[in-house]
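Undergrad: Listed here are the chains, written in short residue letters.
Number of protein chains: 2
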Amino acid sequence: MTTPADTSGAGMPAGSVPLTSVPQDAPVDRATAAARRVVEALLLTDRANANLERVAEELNGIAEHLEQHAPAVRDRMVDMWGGEGVTRHDPVTGLENAIALPLIVYGLPDGSVRGETTVTIPYQGPPGCVHGGVSALLLDHTLGVANMWAGRDGMTAQLNVRYHRPTPLFEPLQINGRQESVDGRKIRTTGDIRTAEGEVCVSVEGLFVDKKVPRPR
Amino acid sequence: MTTPADTSGAGMPAGSVPLTSVPQDAPVDRATAAARRVVEALLLTDRANANLERVAEELNGIAEHLEQHAPAVRDRMVDMWGGEGVTRHDPVTGLENAIALPLIVYGLPDGSVRGETTVTIPYQGPPGCVHGGVSALLLDHTLGVANMWAGRDGMTAQLNVRYHRPTPLFEPLQINGRQESVDGRKIRTTGDIRTAEGEVCVSVEGLFVDKKVPRPR
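Chains as they are written, first to last, in UniProt numbering: chain D, 1 to 217; chain E, 1 to 217.
Extracted from the complex, chain D is given alone in its bound form (with noise of 0.2 Å):
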């Protein structure tokens, strides 16, 4: 996994190393961005000003396009579950997946991970605040990651999610993880949402199992 200049984990403690997947000067990548661009800027117009019409056949056109050359979903899927490809695909991480905010979460040397994010309109829950879903969906996949930080990991068997107040869209967050204990194949593992003050916004029990659903070959 190779680390581009602007993914540096600026502002992450001396030693952090990205987890997760990284942006690459591919063709992928940039699709992707544009794509969450779109998505965004699809909430953001005017409805009555912009051509919608116009916009609908485009993006159809481009997707006809993709679907052209698209394997069997199955063909597929064996490709996304092999090798780097895996951390790429996912909801929260994934640079190729237009969903995913995307949040690079990182190792730090005290064992946790965390990431640092900035999200807006299309993440939305109550007014102006993150969606309490979107939170749960961050966490659970960050304490999947703290997990593998530390070297044994699972699929989620539980989750308790706690809300202590609003979290805020367009400010900065950071998203924590650590693996608290591991006992046979139960795995306990914390997290939480912050502002950028260090208020805690969702904090988060996660109970994981020690088993995995194999992968397509």
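Since the hints were made in silico from the structure, they are not lab data. A few of these clues could be false.
Which copy? The list can't say, so a pair holds if one copy fits it or any two copies do.
What the hints assert, rightly or not - List time: in silico SDA-like cross-link candidates among lysine to any residue, alpha-carbon distance up to 20 Å:
(1) Lys211 to His164
(2) Lys186 to Met155
(3) Lys212 to Gly151
(4) Lys211 to Pro168
(5) Lys212 to Pro168
(6) Lys212 to Val182
(7) Lys186 to Leu207
(8) Lys211 to Ala14
(9) Lys186 to Asn160
(10) Lys211 to Gly15
(11) Lys211 to Cys129
(12) Lys186 to Glu64
(13) Lys186 to Ala10
(14) Lys211 to Arg162
(15) Lys211 to Cys201
Knowing the structure of chain D, use the given hints to seat chain E on it.
TA: For chain E alone, kept in the frame of chain D given last:
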């Protein structure tokens, strides 16, 4: 709220009514549906054979057009949070949000709510399965709708999610929610995600507090 023929709630009990946004024959709905198609096709297409350079350029061109016609975010948010717009932009049911599946949640005569959906590649967690955090997102939102249907809603204070078995992609799923009790300002609501055979994949208990973030005006 109008109900076009293609969202008649087929499969729902008689007397069910849609509580979230339903597709309209509107340019913004068509453009957003096309954007969803692009998001999925970007994940599925052959990275070597599709012309992703050109796709990136075209998507950026579309984003520029939409952005040029976007009012200030603050003004747009006032519009989003007024009248029927309220259920059209969220990341679960929003017909104008390409991140949303979109799920249509129906209010059932027995007081519960239900949505039916088939989840695909952009929402993948483990191979071939729905991301655990996406399940939490779908359930959090569905519990919120269940509270509205019961006539008393609020903000999520706590969400306890249990994962009983992997939730499959590509298969019809049922998302259920029901308000269980109200005690002062505390609202307790439960829900689950089931396969078409009725197997519970994920269950949730939510605690909501009857308070609101003010709407932008």
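Undergrad: All hints are to be evaluated individually against the structure, with a verdict given for each.
TA: Hint-by-hint comparison with the structure:
In the homo-oligomer, the alpha carbons of Lys211 and His164 lie at most 20 Å apart only across protomers (13 Å), although the nearest pairing inside one protomer, at 32 Å, exceeds that limit. For the homomeric pair Lys186 and Met155, the shortest alpha-carbon distance inside one copy (10 Å) is at most 20 Å, but the shortest distance between copies (31 Å) is not. Proximity of Lys212 to Gly151 under the C-alpha cut-off of 20 Å is restricted to the intra-copy arrangement: shortest distance 14 Å within a copy versus 41 Å between copies. In the homo-oligomer, the alpha carbons of Lys211 and Pro168 lie at most 20 Å apart only across protomers (16 Å), although the nearest pairing inside one protomer, at 35 Å, exceeds that limit.
Taking the closest pair of Cα atoms, Lys212 and Pro168 come within 20 Å of each other only across two copies (14 Å); inside a single copy the shortest separation is 34 Å, beyond that limit. For the homomeric pair Lys212 and Val182, the shortest alpha-carbon distance inside one copy (16 Å) is at most 20 Å, but the shortest distance between copies (39 Å) is not. Taking the shortest alpha-carbon separations for Lys186 and Leu207, only the intra-copy value of 7 Å comes in at or below 20 Å, while the best inter-copy value is 26 Å. Taking the shortest Cα distances, Lys211 and Ala14 never come within 20 Å of each other, neither inside one copy (33 Å) nor across copies (42 Å).
Both within a single protomer and between protomers do Lys186 and Asn160 lie at most 20 Å apart by alpha-carbon distance, with minima of 15 Å and 17 Å respectively. Taking the shortest alpha-carbon separations for Lys211 and Gly15, neither the intra-copy value of 30 Å nor the inter-copy value of 43 Å comes in at or below 20 Å. Taking the shortest Cα distances, Lys211 and Cys129 sit within 20 Å of each other only across copies (14 Å), while inside one copy they are farther apart (35 Å). Taking the closest pair of Cα atoms, Lys186 and Glu64 never come within 20 Å of each other, the shortest separation being 45 Å inside a single copy and 49 Å across copies.
Proximity of Lys186 and Ala10 under a CA criterion of 20 Å is satisfied in neither setting, with 34 Å inside one chain copy and 42 Å between copies. Taking the closest pair of Cα atoms, Lys211 and Arg162 come within 20 Å of each other only across two copies (16 Å); inside a single copy the shortest separation is 26 Å, beyond that limit. In this homomeric assembly, Lys211 and Cys201 come within 20 Å of each other (Cα to Cα) only across copies, at 16 Å, whereas the closest approach inside a single copy is 31 Å.
When each numbered hint is compared with the structure, violations occur for hints 8, 10, 12 and 13.
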